[in-house]
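Residue numbers for the sequence shown follow the working numbering, so the first one is 22 and each next one is one higher.
Worth flagging that the hints you see were computed from the coordinates, not collected in a lab.
Take these hints with a grain of salt, some might be off.
Unchecked claim - Computed list of lysine to aspartate or glutamate pairs in EDC-like fashion (alpha-carbon distance at most 16 Å, straight line): (1) Lys142 to Glu240; (2) Lys111 to Glu74; (3) Lys142 to Asp312; (4) Lys248 to Asp192; (5) Lys170 to Asp312; (6) Lys170 to Glu42; (7) Lys207 to Asp78; (8) Lys248 to Glu301; (9) Lys170 to Asp192; (10) Lys170 to Asp236; (11) Lys207 to Asp192; (12) Lys71 to Glu52; (13) Lys44 to Glu163; (14) Lys71 to Glu103.
None of the values given here were measured: they were computed from a predicted structure.
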Amino acid sequence: DNNNNNDDDEMKDEYGDLKAEGKIFLERNYELEDGSILPEAQLCYQTYGKLNEETRDNVIVVCHALTGNASLHSWWGELLGEGKAFDTSKYLIVCCNILGSCYGSTSPQCLNPATGVPYGKDFPDVSVQDTVRLQLLLLQNELRIRSVKSVIGGSFGGMQAIEFAVQGGIDQGGDFVCDDGSPFVKSAIPIACGASHTAWQIAVSEVQRQAIYADPNWETDPVNATKGLSVARQMGMVSYRTPLGYQNKFGRELQQQQTEESSLKSYGSNVRFKTQSYLEYQGSKFLLRFDPVTYVKMTEQMDSHNIYRGRSEDTLQNVRIPVMVMGIDSDVLYPLQEQRDLVSSLPRGTLRIISSLDGHDG
């Protein structure tokens, strides 16, 4: 996607114009981790390629990050297709919109059957465990898949991949197993995340939420708390990168000067740095595809990520499937040490390091 400053080669938003498109899976009276009931838990999903009708096991699940959708072709399209990483001539690729997201799955924008009006801020607290369990129910009950070859995702998608490994990667007693008792999920590839959301990551989420709470519209008209959402997105775009990445892309370059007075100065209120212009553009563009309430609820769901909650301390030791953990050496949001720690807890865990100057989104 191009920005309004003609900086086509500058840092880009990972996603372009996203839509709520795909098939629908509906689970009625879905019990969430906290015991509350979601009357209609709807998942929007897309599939690519064909299922092997005999073995029904040539399946790869791809999980999207915080603001993505089920349309894998629109954000990892270069990896999708015959002969590519997500080889549609060999595999059935499944991608679901996260429960609580605004691209076709049940979200704060949806009508609450009990009231007939949108949930809004009353949308229930959905956890990563809830999101993954619903996807597993889709795979087993709707698509009648016998096993999943691999689950892959980055960031929030990586958290889901780890959760898939826990819910579906433990044999003899796991939550989701094959008919022979073997793990339903055969391998996982989580990218740029850890076993739980840390205090640092919760803090980054919280300051973004606080920007939304500070919007004058939040209390009475939260869907229109867009100024706060714009600032929240700008905060996120800073955390996804690195100091060196910003310096290399923008330095102290200025936008084209608008007035004779400002052209005489290289600082001050009437001067626009390219960095400022980039962030403001990303913030305003985001308003076209996300709403404030959904963003608050989705970041809260990310903060719920804790593989040990309600489980034993040796949970990861019980995951016997291969798990290839990938980390980015310049990631300041999800530092590489978290991936190292994750691998050390997995019996068949391996670490692959991506070398990049661009941080979490690099």
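To see whether the hints hold, each was checked on the structure:
| no. | hint | in the structure |
| --- | --- | --- |
| 1 | Lys142 to Glu240 | holds (10 Å) |
| 2 | Lys111 to Glu74 | holds (12 Å) |
| 3 | Lys142 to Asp312 | holds (12 Å) |
| 4 | Lys248 to Asp192 | violated (48 Å) |
| 5 | Lys170 to Asp312 | violated (35 Å) |
| 6 | Lys170 to Glu42 | violated (25 Å) |
| 7 | Lys207 to Asp78 | holds (10 Å) |
| 8 | Lys248 to Glu301 | holds (11 Å) |
| 9 | Lys170 to Asp192 | holds (15 Å) |
| 10 | Lys170 to Asp236 | violated (45 Å) |
| 11 | Lys207 to Asp192 | holds (10 Å) |
| 12 | Lys71 to Glu52 | violated (31 Å) |
| 13 | Lys44 to Glu163 | holds (11 Å) |
| 14 | Lys71 to Glu103 | holds (12 Å) |
The structure shown violates the earlier hints numbered 4, 5, 6, 10, 12.
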